[in-house]
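Take the sequence shown: its position 12, counted from the start at 1, is 154 in the numbering used here, and no numbers get skipped.
No lab work stands behind these hints: they were computed from the structure.
Hints should not be assumed to be uniformly reliable.
As the list claims (entries may be wrong) - Straight-line distance between alpha carbons at most 25 Å, and here's what the computed SDA-like set of lysine to any residue pairs gives:
| id | residue 1 | residue 2 |
| --- | --- | --- |
| 1 | Lys226 | Leu152 |
| 2 | Lys226 | Tyr215 |
| 3 | Lys226 | Arg167 |
| 4 | Lys226 | Arg174 |
| 5 | Lys226 | Ile158 |
| 6 | Lys226 | Arg216 |
| 7 | Lys226 | Gly213 |
| 8 | Lys226 | Val212 |
| 9 | Lys226 | Thr168 |
| 10 | Lys226 | Arg153 |
| 11 | Lys226 | Ala164 |
| 12 | Lys226 | Leu150 |
Stated by the list, open to error - FRET-style restraints, in silico, Cβ to Cβ:
| id | residue 1 | residue 2 | range |
| --- | --- | --- | --- |
| 13 | Val212 | Asp149 | 33 to 41 Å |
| 14 | Asp159 | Val212 | 23 to 31 Å |
| 15 | Arg167 | Leu198 | 27 to 35 Å |
A virtual CB, placed ideally from N, CA and C, is assigned to each residue, including glycine.
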Amino acid sequence: MKLEKDDLILRDHLAIDRTRLANERTFLAYFRTSIFFLGTGISVIHIQFFQEVTYLGWILVGMFPLILGVGIYRLIRVRRAIGKKIYKTE
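Work the whole structure out from these sequences, hints included.
Take a look at the structure:
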């Protein structure tokens, strides 16, 4: 059942706001993780001590856009689902 915006009560509006904030927190966690992978990869590549495992640094740097892309995809997908305002009522 599709509810109109006027049919929602305060509790429903607050639940939507909490969901939006949780979605943003999840994206920021993906962003933080991707930055960690990028920084660690660059460090492994540049530190002379890790010359034997330079490939590991390149793998970590390569994972940066993948993790960030997944985070952006999830952010947009959930934002659209929230925007559709489709709620199941029992």
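### Query
Is the Cα-Cα distance between Lys226 and Arg153 25 Å or less?
holds, 18 Å
### Task
Mind checking the alpha carbons of Lys226 and Val212 for me, to see if they're no more than 25 Å apart?
This hinted pair holds, its Cα atoms lying about 21 Å apart.
### Message
Checking one constraint from the list: CA of Lys226 to CA of Leu152, max 25 Å. Satisfied?
### Response
Answer holds: Lys226 to Leu152 is near 18 Å, not above 25 Å.
### Task
Given the hint that Lys226 pairs with Tyr215, test it: the Cα-Cα distance must not exceed 25 Å.
With a Cα-Cα distance of about 17 Å, the restraint between Lys226 and Tyr215 holds, given a limit of 25 Å.
### Query
Does the Cβ distance between Arg167 and Leu198 fall inside 27 to 35 Å?
holds, 29 Å
### Query
Lys226 and Leu150: Cα distance at most 25 Å?
Distance of about 14 Å is within 25 Å: holds.
### Task
Could you check the hint for me, namely that Asp159 and Val212 are 23 to 31 Å apart, CB to CB?
holds, 24 Å
### Task
Starting from Lys226, check that the Cα of Arg167 is at most 25 Å away, please.
With a Cα-Cα distance of about 21 Å, the restraint between Lys226 and Arg167 holds, given a limit of 25 Å.
### Query
Keeping to a limit of 25 Å between CA atoms, is the pair of Lys226 and Gly213 held or broken?
Roughly 20 Å between the alpha carbons, so the hint for Lys226 and Gly213 holds.
### Query
Given the hint that Lys226 pairs with Ala164, does the C-alpha gap stay at or below 25 Å?
Measuring from Cα to Cα gives roughly 17 Å; hence the hint holds.
### Query
Between Lys226 and Ile158, does the CA-CA distance stay at or below 25 Å?
holds, 12 Å
### Query
Per the hint of 33 to 41 Å, is the separation of the Cβ atoms of Val212 and Asp149 within bounds?
holds, 34 Å
Hint compliance for this structure: hint 4 alone is broken.
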